[in-house]
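Trainee: Here is how the chains run, residue by residue.
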Amino acid sequence: MMMNGATEAELLLNCTDMSVLERQKAHLKYHHPGFDPTLAGFLSGPSTINGGEIDGFLGTAGLDLPVIYGETTVEGSCQFGSGNFKKRKFDCVVKTTSEECNEVKKMMMMMNREDEEEEKSKITEQNNESSKSITKMKNKAKKEQNNCSNDSSKVTKESQKTDYIHVRARRGQATDSHSIAERARREKISERMKYLQDLVPGCDKITGKAGMLDEIINYVQSLQRQVEFLSMKLAAVNPRLDLDIDDIIAKEVVSAPMTNLPLPTTVMPSYEMVNAGYPYEMVNSGYLHCNPMQQVATSSDQLSCFNNGEAPLMWDSDVQNLYSNLGV
Amino acid sequence: MERKTINKRKRVFSLQPNKNPKAVFARRYASHLVPALNKINMNKPTSKKDHKSFEQTVKHEVGMALALSAQEFAWGRFLQHKLLSPTHEDPSYSSKILERSDYKQEGEEEEAEIKKRLKELQKLLPGGEEMNMDEMLSEIGSYIVCLELQMIVLKSLVQDNSS
Chain A
1 MMMNGATEAE LLLNCTDMSV LERQKAHLKY HHPGFDPTLA GFLSGPSTIN GGEIDGFLGT
61 AGLDLPVIYG ETTVEGSCQF GSGNFKKRKF DCVVKTTSEE CNEVKKMMMM MNREDEEEEK
121 SKITEQNNES SKSITKMKNK AKKEQNNCSN DSSKVTKESQ KTDYIHVRAR RGQATDSHSI
181 AERARREKIS ERMKYLQDLV PGCDKITGKA GMLDEIINYV QSLQRQVEFL SMKLAAVNPR
241 LDLDIDDIIA KEVVSAPMTN LPLPTTVMPS YEMVNAGYPY EMVNSGYLHC NPMQQVATSS
301 DQLSCFNNGE APLMWDSDVQ NLYSNLGV
Chain Z
1 MERKTINKRK RVFSLQPNKN PKAVFARRYA SHLVPALNKI NMNKPTSKKD HKSFEQTVKH
61 EVGMALALSA QEFAWGRFLQ HKLLSPTHED PSYSSKILER SDYKQEGEEE EAEIKKRLKE
121 LQKLLPGGEE MNMDEMLSEI GSYIVCLELQ MIVLKSLVQD NSS
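Heads up: the protein sequence lines correspond to chains A and Z, in order.
Residue 85 in my numbering is what sits at position 85 of the first sequence, and the numbering runs on without skipping anything.
Residue 78 in my numbering is what sits at position 78 of the second sequence, and the numbering runs on without skipping anything.
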């Protein structure tokens with residue numbers, strides 16, 4: 001496939017599967033561009049930033065997500081001054097700029113004080129040292145945003161020349177490799193925490209890591225307890241279980257139209273998805289995280305479609321509800 | 001038999017069955033759990049004494065279905081190994097609810113608090129204790145989603161069969 005030379009040089013550290021990325025980009029362009037950055041957090045599993053393992057889907061899925069993440073950030077939250085900042089042009093400088101913009105977004109949210117001087121760091125990818133690919137930027141957010149697009153071309157040129165990672169330390173912070181690595185680690189963790197915040201209901205009102213972790217722990221505990229309770233109930237009910245598995249599996253339905261659904265948040269990648277080349281389907285599928293607590297009344301009705309041999313006419317609306325329910 | 005024929009006629013197949021990852025998981029989960037339940041249902045003991053072990057079996061199957069449907073995640077694989085190993089004991093879910101600390105000073109104490117909670121979280125996730133922090137945080141996300149989906153499937157199974 002034809003790819004910009006710059007793009008190839010910069011592409012994600014362990015992105016060996018170019019064709020998958022290509023397809024993803026094609027899908028990305030085709031579908032609604034707005035995705036939620038939390039998606040990246042979820043799918044950017046252990047292998048994204050570390051870039052370690054490529055085995056298994058997490059490797060491939062994770063690879064491409066920072067791309068999405070970056071593009072999302074660019075399109076959505078970063079709010080670039082230039083409204084006609086087209087995705088296609090941006091494609092050329094996928095990861096580098098996107099990472100910078102990620103960092104900008106993070107800085108905006110995490111930093112209280114901002115320096116007046118503008119410090120930019122040029123990042124270039126080194127193929128096997130993804131763990132060091134850090135963006136450090138400290139300046140006024142708006143300025144940086146506007147410059148992001150301008151810098152993209154600069155950065156691409158730089159990356160072609162060197163394959164070192166230049167990291168400029170922030171003003172007033174230690175510059176030794178340990179603290180930089182430590183900082184990178186902490187940023188990664190906060191990124192994940194943000195994603196989890198969206199996942200766990202009621203977490204958005206809580207600030208502070210410890211509080212959020214508390215909520216997450218409580219939520220997971222309550223989920224586990226509910227599962228235990230439900231399995232006990234199931235054991236009690238089991239005698240009358242006469243489900244025909246064919247009924248359940250057979251009631252697959254045409255999935256809900258993608259474009260109607262709002263921004264996707266949590267998406268679970270699966271082997272089939274990645275291998276079948278549908279990586280962006282899941283991105284755009286618009287499945288928001290479902291909160292089973294809120295859906296006790298409705299979800300069971302929808303899912304009862306699984307077990308009954310209902311007329312197809314009724315099925316369609318039920319199905320739509322089911323899938324939007326799973327999503328919402 | 002007739003019912004089956006009728007049902008077959010009314011089947012609706014998805015054009016892209018793998019598109020929705022949540023549906024994929026739910027489908028896989030149901031396809032693992034229901035046959036297992038049917039199987040153990042055949043051997044269901046009628047006496048109340050064995051009901052406890054029956055419950056254990058059901059719990060085991062529920063866990064296995066979850067693990068098998070989530071093979072892409074490290075916690076899924078770990079859970080499977082744990083359930084299959086002969087020394088499997090019931091996971092003791094700590095019912096302790098952590099109180100939010102009103103920490104006011106930053107620095108060391110905060111870090112320690114956070115570390116403590118991260119360790120708690122690690123215990124909750126199957127296989128969490130063998131992962132490093134980053135990995136664990138990523139896995140927790142998928143674990144939460146899968147738990148939620150599992151609940152939906154279980155609820156529907158219970159409700160449809162208890163009416």
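Please keep in mind that the hints were generated in silico from the structure rather than gathered at the bench.
Small disclaimer: the values here were computed from a predicted structure and weren't measured.
Any given hint might turn out to be false.
Covered by chain A, according to a simulated footprint, are these stretches of chain Z (three or more residues, beta-carbon under 8 Å) [as the list claims (entries may be wrong)]:
id, region
1, 78 to 84
2, 108 to 114
Distance condition first, Cα-Cα at most 27 Å in a straight line; then the derived DSS-like pairs of lysine-lysine [stated by the list, open to error]:
id, chain 1, residue 1, chain 2, residue 2
3, Z, LYS115, A, LYS233
4, Z, LYS59, A, LYS194
5, A, LYS194, Z, LYS116
6, A, LYS194, Z, LYS52
7, A, LYS209, Z, LYS115
8, Z, LYS119, A, LYS205
9, A, LYS205, Z, LYS82
10, Z, LYS123, A, LYS194
11, A, LYS233, Z, LYS82
12, A, LYS233, Z, LYS116
13, A, LYS205, Z, LYS116
14, Z, LYS59, A, LYS209
15, A, LYS233, Z, LYS59
Some chain A residues well away from chain Z (every beta-carbon gap over 12 Å; in silico) [claimed, not checked]:
id, residue
16, LYS29
17, ILE180
18, ASP204
19, GLN221
We put the beta carbon where it would ideally sit given N, CA and C, even for glycine.
Trainee: Look at each hint and say if it fits the structure.
Mentor: Here is how each hint holds up against the structure:
1. Coverage of the region 78 to 84 of chain Z by chain A is violated. Counting CB-CB distances below 8 Å, 0 residues qualify, and the rule asks for three or more.
2. With 3 residues having a Cβ less than 8 Å from any Cβ of chain A, the region 108 to 114 of chain Z passes the three-residue criterion, so the hint holds.
3. This hinted pair does not check out: Z:LYS115 and A:LYS233 have alpha carbons roughly 36 Å apart, beyond 27 Å.
4. Restraint check: the Cα-Cα separation between Z:LYS59 and A:LYS194 comes to about 32 Å, which exceeds 27 Å; the hinted pair is violated.
5. A threshold of 27 Å between alpha carbons decides the hint, and for A:LYS194 with Z:LYS116 the separation of about 19 Å falls inside it, so the pair holds.
6. Distance check on the hinted pair: A:LYS194 and Z:LYS52 sit about 41 Å apart at the alpha-carbon level, beyond 27 Å; violated.
7. Pair hint A:LYS209 plus Z:LYS115 holds up; C-alpha atoms about 10 Å apart against a cutoff of 27 Å.
8. For the proposed pair Z:LYS119 and A:LYS205, the alpha carbon gap of about 23 Å is at most 27 Å, so the pair holds.
9. At most 27 Å may separate the alpha-carbon atoms for a hinted pair to count; A:LYS205 and Z:LYS82 exceed this at roughly 36 Å.
10. With a CA separation close to 21 Å, the supplied pair Z:LYS123 and A:LYS194 stays within the 27 Å bound.
11. Taken as a hint, the A:LYS233 and Z:LYS82 pair is honoured in the structure, with Cα atoms around 24 Å apart against an allowance of 27 Å.
12. For the given pair, A:LYS233 sits about 34 Å from Z:LYS116 by alpha-carbon distance, which is inconsistent with the 27 Å threshold.
13. Distance hint between A:LYS205 and Z:LYS116 is fulfilled; the C-alpha atoms sit about 22 Å from each other, no more than 27 Å.
14. Note on Z:LYS59 and A:LYS209: the hinted pairing is violated, with a Cα-Cα distance of about 33 Å set against a maximum of 27 Å.
15. Straight-line distance between C-alpha atoms of A:LYS233 and Z:LYS59 comes to about 10 Å, which keeps the hinted pair within the 27 Å bound.
16. Remark: the non-interface label on A:LYS29 is consistent with the geometry, its nearest Cβ contact in chain Z lying 18 Å away (cut-off 12 Å).
17. With a least CB separation of 16 Å from chain Z, A:ILE180 remains clear of the 12 Å interface cut-off, as annotated.
18. At roughly 15 Å from the closest C-beta of chain Z, the C-beta of A:ASP204 stays outside 12 Å, upholding its exclusion from the interface.
19. A:GLN221, annotated as away from the interface, has a beta carbon of chain Z within 12 Å; the closest lies near 6 Å.
Checked against the numbered hints above, the structure breaks hints 1, 3, 4, 6, 9, 12, 14 and 19 and satisfies the rest.
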